[in-house]
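Those sequence lines, one after another, are chains A and B.
Those letters in the first sequence? Residues 613 to 669, by the numbering used here.
Those letters in the second sequence? Residues 145 to 743, by the numbering used here.
You may find that some hints are simply not true.
[What the hints assert, rightly or not] The list that follows gives simulated cross-link-like pairs (lysine to aspartate or glutamate, EDC-like), each with its CA atoms no further than 20 Å apart:
hint : chain 1 : residue 1 : chain 2 : residue 2
1    : B       : Lys423    : A       : Asp647
2    : B       : Lys474    : B       : Glu456
3    : B       : Lys606    : A       : Asp647
Please keep in mind that the hints were generated in silico from the structure rather than gathered at the bench.
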Amino acid sequence: MLGLEGTGVALAYIFTILATLLCIVYGWVNWNKGDEHETKEIKEELKWEEKDSKLAK
Amino acid sequence: MEISLLMIITVVVYLIATAIFGYVGYKQTTSSSDFLVAGRKQHPVIMALSYGATFISTSAIVGFGGAAATMGMGMLWLTFLNIFVGIFIAFVYFGKRTRKMGHSLDAHTFPELMGRRYESRFIQGASGLLIFIFMPLYAGAVMIGGAVFLQQVFGINYETALLFFALITAIYVVFGGMKGVMYTDAFQGAIMFIGMAILLVFTYVKLGGVVTAHEHLTALSALVPDGMKAGGHQGWTSMPKFASPMWMSLVTTLVMGVGLGVLAQPQLSVRFMTVKSNKELNRAVIIGGIFILMMTGVAFTVGALTNVYFVEKYNMISLDVTKADPELLKAMDEGKILPAKQAPKPAAAEKAAPVTAVKQAAGAAGTAAVKAPAKKAIPDNIIPLYIAKAMPEWFTALFMVTLLAAAMSTLSSQFHTMGTAISRDFYEKGLNISSKNNLLINKIGTGIGIVFAVVVAWLLPKVIEGGSNIIAIGTSLFFGLCAAAFIPMYIGALYSKMVTRTAAISSFIIGSLTSLFWMAFFHTKESAALKICKFIFNKDTLATTPVLATLDPIVVALPVSFLVIIVVSLLTKKTGDKHLLKCFDGIKHIAAKTAKGGK
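Can you make the complete structure from the sequences, with help from the hints?
Dropping the structure here:
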C-alpha cells in the first residue's frame, strides 16, 4: 500500500493523515463554540491585575 | 560547506526579526501575569504556533529524522501520537480544563496548578525542582541538535555554536518573558512550516513522486546491514521485528516515551493558560494538527527517504554516508570518483536494481571502494548531510534558519520554564520565601538554568558515545520522566475529585524514582552512559534479557505511578468539597456532582 512494504508502516502513514483531518474537522465544527468570557472571569482578571500591579511596585 | 552571502543575509534578517518580536514582548510585559502566562489573552494562532514550535525542536527534526533514516518509516507512529495525543487529546481534554482550573486557582505555572489543586506547597516546590534538574537534559539535546547543524554548515566548533544559541535566546526570554517567547515562537513556527513544506515537496519530486519514492525505499531492504538485521530491522518501510531490540527502542522509547510524555510537559501545559476561552483552544486545534503533521511527519518521511537519495548518489545507505570521508564524497560529487556498485542480495537483486544502478559519468577516473569505514555512524548527521548534498543553496539557507528557529523556539520555552520552576515554584512557593521583586528572581532563575543547560549540552556528547541517537534519547528521557511523575497527578487533578493530596505526592515521588531507577540500572542506553550500575555492580545493566535491557522506563514507571495514585487515594482522606468546588468551578460535570455532595 502506497509503496510501503509493511502494513504497520502503511497504517501509521494513513492514521497520521486521519488524525490531522480529525483536528481540522473538530476545529471547524467548534469554531465559534466555547466563548465563555463571563462577568465573573472579568472580575477575577481585574482582581489579579490589581494584585500584579501592587507586586510590580 | 562554505558560508555564502545569501546565508549570512538570511540569518541576519531572521535574527533582526526575532529581536523585533522579542522587543514587542518586552514592551508589553508590565506584570508578573504577562511574564508568566502572557496576560492570558493570546490569539489562537499565536498560541497554536507557539505550542507547536515549542513542541518541535531541532532534535525532533534532526535527531528523530536521523532515527527515522536508521529505523525507517515506522517512526510515523510517533507522528500519529504527536497529532492525536499531543494536539487533539491535549487541547480538547486537557487544555480546556487546565485553562479553566488555572483561571479559577490563579495558577501561573504547571507546578503551581498542581500545587494549588492539591493544596500542597511540596508538590509545587518538588515539581519545580524536578523540572529544573532534569529539563537541562532536554534543553541540552535541543542545543546539540542545533549545534551539530551549525557545525556542518559553518564549520565552527561545537562550543561556539552552543554559546551562540544560548546567548541569543536568553536575551529575549529574560527581557520579553512569556509574551516575548510566544511572539518569537509564532514567527519561528511560520518559518519552520514553510521550510518543512518545501523540504517535503522537493524530496518527493526529486525521488519520482510519493509512491515511487516509497517503492524505491522498500527495494532497499536488501541493503540493511547485517548488524541492524540482527537487531530486528526488516527494511525501511516495515516495522522492526516484534520485541526485537530495535522494535523495543522504536516503540517503547521513541514512540511511547515521546508520544505520551507530551501530555505532561510543563512548558506546553502552561500555554493552555495563555488564552482567554475555550473558543481559542478549539480554533488552535486546527493549526496545531496541521503544523505537527508538517513537522515530524515530514522529518520522519524525508529522514527515511534520504536512504534512497544516498544510495542513488553514492551507493551507500544514509548511516554509511555519515561515516564516509568527506573528501571522498566531494570527489564523487565532482565525478572524479565513481561510487562502487554494491552487490544486492540475490533475492532482492531485481527489486533493488532501479536504485542501485549507478550512473557511470563520462570520463570517470575511477571507482570508490566503499569499505566498511572504521568511524562510527552518527545518525544525527544524516539530515544535515542530506540538506547539504541534495538541496539547492537557497534552500540550505532557508533550512538553516528553519532549524535555528526550531531550536530557539523550544529553547526559549525551556529557559522560561526552568526559570519559573526554580524561582516561582521552588524558591518562592516551595521554600516559602517571599520576595519584593519576583520578576528579578525569575530572571536570576532563568540565568542559572541557562548556564546549567549549556554545561549539560557540552558534557552530553562526551558522556554518551557518539552514534547512539543522543538527541533523540535526551528528548525521550525527559518526556518519559515527566510522564511518570506528572501524568497520573495531572489527570487526577483535572478529572477526579477522588485523588487525594497524599496520593498525588506518592505518585509523583514513586513515579519519578521508578523512572530514574530503571534508567540507572536497567535501560542499557542510559545505564551504560550514567555508569552508576557499573560503579556498584560492575556491569552496564542488571537486565538479564535483551527485552528488559531495551524496555523504556515509561513502560514500567507510568503504570506504577498510576497504580500508586489509585491505591493511595482509596486509603487516604478525601479533599474537602469547598476546595473542590473552587477547583472545578465552571467545569460543570464535576462541580455539579460536588455541589450535590455526590461521591
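Here is how each hint holds up against the structure:
no.: 1; hint: Lys423(B) / Asp647(A); result: 5 Å, holds
no.: 2; hint: Lys474(B) / Glu456(B); result: 15 Å, holds
no.: 3; hint: Lys606(B) / Asp647(A); result: 51 Å, violated
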